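The whole structure should be built from the sequences, with the hints applied where relevant.
Single-letter residue listing:
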Amino acid sequence: DAGITQSPRHKVTETGTPVTLRCHQTENHRYMYWYRQDPGHGLRLIHYSYGVKDTDKGEVSDGYSVSRSKTEDFLLTLESATSSQTSVYFCAISLDGASGANVLTFGAGSRLTVL
Amino acid sequence: SQQGEEDPQALSIQEGENATMNCSYKTSINNLQWYRQNSGRGLVHLILIRSNEREKHSGRLRVTLDTSKKSSSLLITASRAADTASYFCATAPNTGANSKLTFGKGITLSVRP
Numbered sequence: 001d002a003g004i005t006q007s008p009r010h011k012v013t014e015t016g017t018p019v020t021l022r023c024h025q026t027e028n029h030r031y032m033y034w035y036r037q038d039p040g041h042g043l044r045l046i047h048y049s050y051g052v053k054d055t056d057k058g059e060v061s062d063g064y065s066v067s068r069s070k071t072e073d074f075l076l077t078l079e080s081a082t083s084s085q086t087s088v089y090f091c092a093i094s095l096d097g098a099s100g101a102n103v104l105t106f107g108a109g110s111r112l113t114v115l
Numbered sequence: 001s002q003q004g005e006e007d008p009q010a011l012s013i014q015e016g017e018n019a020t021m022n023c024s025y026k027t028s029i030n031n032l033q034w035y036r037q038n039s040g041r042g043l044v045h046l047i048l049i050r051s052n053e054r055e056k057h058s059g060r061l062r063v064t065l066d067t068s069k070k071s072s073s074l075l076i077t078a079s080r081a082a083d084t085a086s087y088f089c090a091t092a093p094n095t096g097a098n099s100k101l102t103f104g105k106g107i108t109l110s111v112r113p
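So the protein sequences, as listed, match chains A and B. For the first sequence, the working numbering begins at 1 and goes up steadily by one. For the second sequence, the working numbering begins at 1 and goes up steadily by one.
I should point out that these hints are in silico values taken from the structure, not numbers from a laboratory. Please read these numbers as outputs of a predicted model, since none were measured by experiment. Be aware that a few hints might be false.
With a straight-line cut-off of 27 Å between C-alpha atoms, the simulated BS3-like cross-links for lysine-lysine are [unchecked claim]:
{"hint": "1", "chain 1": "B", "residue 1": "Lys-105", "chain 2": "A", "residue 2": "Lys-11"}
{"hint": "2", "chain 1": "B", "residue 1": "Lys-105", "chain 2": "A", "residue 2": "Lys-57"}
{"hint": "3", "chain 1": "A", "residue 1": "Lys-53", "chain 2": "B", "residue 2": "Lys-100"}
Have a look at this one:
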């Protein structure tokens, strides 16, 4: 997981509380992504960013917001956490492979439990 | 809905045997990728095959793509206990870093020593 770190790695919170997950990269990549991983669903895209202050929604964006004020940091915020947001959250950065293919490098994940 | 669907959902083999995993998808793609995830870790990119390619090799990995059937296979030859992991296929609709990948649900591979 070189070049990309997520914090916190584990968090337990209560329903209704705000939660912010942080993704930090040292690779200076333009594209950053937040996915959630749940049993039976695989990975689903929440939000992504294509530059500082440039973000867009993914497949499961309801209940989440993101911010990117610096190239290296991409924050995922749950304004009011719900039990359905209990999941493992992965940040990814985009490596332009040969001929511009979108190859992702993932962080180690942040396990969030909402009680 | 998921673009990629892996098959089987779980696979258990003996060390030294070959492991074959399949992925089917629904819409046209620019490329298809396979990722591995060890328990408690993030996904790691293994191999990419483009829509105009039929087969690619990387070490003990062989991936094939049949765009007419919208399917791909990942073959791991001479498996090792260290290959125990979950494997995901991911499809990209177009080229470039702005092409959002869609992942399947994954295949759990267990390699018995």
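To see whether the hints hold, each was checked on the structure:
no. : hint                 : verdict
1   : B/Lys-105 - A/Lys-11 : holds, 24 Å
2   : B/Lys-105 - A/Lys-57 : holds, 21 Å
3   : A/Lys-53 - B/Lys-100 : holds, 18 Å
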